[in-house]
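Enquirer: What follows is each chain in one-letter form.
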Amino acid sequence: GNSVTQMEGPVTLSEEAFLTINCTYTATGYPSLFWYVQYPGEGLQLLLKATKADDKGSNKGFEATYRKETTSFHLEKGSVQVSDSAVYFCALRDSDTDKLIFGTGTRLQVFP
Amino acid sequence: SQTIHQWPATLVQPVGSPLSLECTVEGTSNPNLYWYRQAAGRGLQLLFYSVGIGQISSEVPQNLSASRPQDRQFILSSKKLLLSDSGFYLCAWTTGNTIYFGEGSWLTVV
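Line order of the protein sequences matches chains E and V. Per our numbering, residue 1 is the first one in the first sequence, and the count goes up by one each step. Per our numbering, residue 1001 is the first one in the second sequence, and the count goes up by one each step.
Heads up, a few of these hints could be off.
Facing chain V, from chain E, some residues (calculated, C-beta under 10 Å) [stated by the list, open to error]: (1) 34; (2) 36; (3) 43; (4) 91; (5) 97; (6) 98; (7) 100; (8) 101.
Hints are computed from structural coordinates only; laboratory data are not their basis. Yeah, the Cβ is synthetic: ideal placement off N, Cα and C, and Gly gets one too.
I would like the entire structure built from these sequences, with the hints used as guidance.
Expert: In structure tokens form, the structure reads like this:
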């Protein structure tokens, strides 16, 4: 079945460091891919998305490229801030069933 | 505008008691609806999803059930809660590639 695998956290970085959170997926067909962020004490917010191969989603300095050849959708940011500390979820939406499948989440901790 | 409402926001229930969480959607028709659970320190687990009235798909065997009595209403239930049912429950719906989440319900089973 469809699944999403994320790197385990926590990821601990200093402010202005480069961030990569790996995400790979298994799916039939052509899923849409998403990154969600959950700040402490809050619900999930859509961060960015990509709907087809080679699309790049971007928002708030974060980027992720839909790589069909490697079935990946890694999240990157060139310079993280303390305010980026949160849990990040990678997700896919199956094109046939509309099911939304989430990864287990990766906690990011950024220190000044 | 399109909105989603979920209640109650917090709930403390004894083991063995019943549960009912309700989710309603406004501003759209025939949405795909989802229930997720986020247990403490863990990821987001898909529990149920529905593509129409009376159509429920269960993703994991569990102590919970879901119903969709109306097009824009999705209910999560249990007849007898277990301690392991504690967690944060999220209702969601989709249109196209846009996903909307409810505010979430914190359930503590004691």
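Enquirer: If a hint holds in the structure, say so; if it does not, say that too.
Expert: Outcome of the hint check:
1. 34: Status holds, d = 7 Å.
2. 36: Holds, because the Cβ-Cβ distance from residue 36(E) to chain V comes to roughly 8 Å (cut-off 10 Å).
3. 43: holds, 5 Å
4. 91: holds, 8 Å
5. 97: holds, 8 Å
6. 98: With Cβ-Cβ at 5 Å, under 10 Å, it holds.
7. 100: Cβ of residue 100(E) sits 6 Å from chain V, so the hint holds.
8. 101: holds, 6 Å
Violated hints for the displayed structure: none, as all numbered hints are satisfied.
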